[in-house]
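Trainee: So the sequences go chain by chain: A and B.
Oh and the first sequence: position 84 is 84 in my numbering, straight run, nothing missing.
Oh and the second sequence: position 79 is 79 in my numbering, straight run, nothing missing.
FYI, nobody ran anything at the bench for these hints, they're computed from the structure.
Take the hints with a grain of salt, since some may be wrong.
Which stretches of chain A does chain B cover? Using the computed rule of at least three CB atoms under 8 Å from a CB of chain B, they are [claimed, not checked]: (1) 38-48; (2) 83-97; (3) 100-110.
Just so you know, these numbers come straight off a predicted model, no measurement behind them.
Note that the Cβ used here is the ideal one computed from N, Cα and C, for glycine as well.
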Amino acid sequence: GESVGLHLPTLSVQEGDNSIINCAYSNSASDYFIWYKQESGKGPQFIIDIRSNMDKRQGQRVTVLLNKTVKHLSLQIAATQPGDSAVYFCAGRSGYALNFGKGTSLLVTP
Amino acid sequence: DAMVIQNPRYQVTQFGKPVTLSCSQTLNHNVMYWYQQKSSQAPKLLFHYYDKDFNNEADTPDNFQSRRPNTSFCFLDIRSPGLGDAAMYLCATSRVAYNEQFFGPGTRLTVL
């Protein structure tokens, strides 16, 4: 039979621009959130995390913002580079489980 | 370097033929996880071990089993693979007191 593939949301940015990737979560009990980067054919790679008692955390070229009121998480990447092209997942922790969001494909164009 | 290793990276099996995927870690982490990731989808947790304690997710099919003979190794057994089980299988580890999960490179399973 015919198979229909799922298409990830795609964000296309020019090299050097800033990128903002958004994520909505539903589980109010999540106390910890992580952003992962996944390149094609590889496992997810940790980027940055944030605890639920914080609203902002900065890393090298990346910033995560957490708005618990509207259950929203965002990842900001400064001066986006071609090597940043990948799928980005947010994940919320509930107990031992990490519940992953659907993912966003980031495409960096020269 | 401490890491999570998965073997093989690519596995081809026939419909209904049992298959075992392997994961090992040099991180000495207490918790090991198995995730299933289908194309263009997020990883989905199948089960995890906290030391020797096995924890199955409620919606994981009985067709999927796991073994953890020691701290370093964890196996995923698929007893009768179906076409719908074709996916990337990811192993991850974490230290109980820490939150970050470290992922292996995954094994891509093809079912013919």
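Trainee: Look at each hint and say if it fits the structure.
Mentor: Here is how each hint holds up against the structure:
1. Coverage of the stretch 38-48 of chain A by chain B holds. Counting CB-CB distances below 8 Å, 6 residues qualify, and the rule asks for three or more.
2. With a cut-off of 8 Å between beta carbons, the stretch 83-97 of chain A has 4 residues touching chain B; three or more are needed, and the interface restraint holds.
3. For the stretch 100-110 of chain A, the proposed coverage by chain B is satisfied: 4 residues have a C-beta within less than 8 Å of a C-beta in that chain, meeting the threshold of three.
In summary, this structure violates none of the numbered hints.
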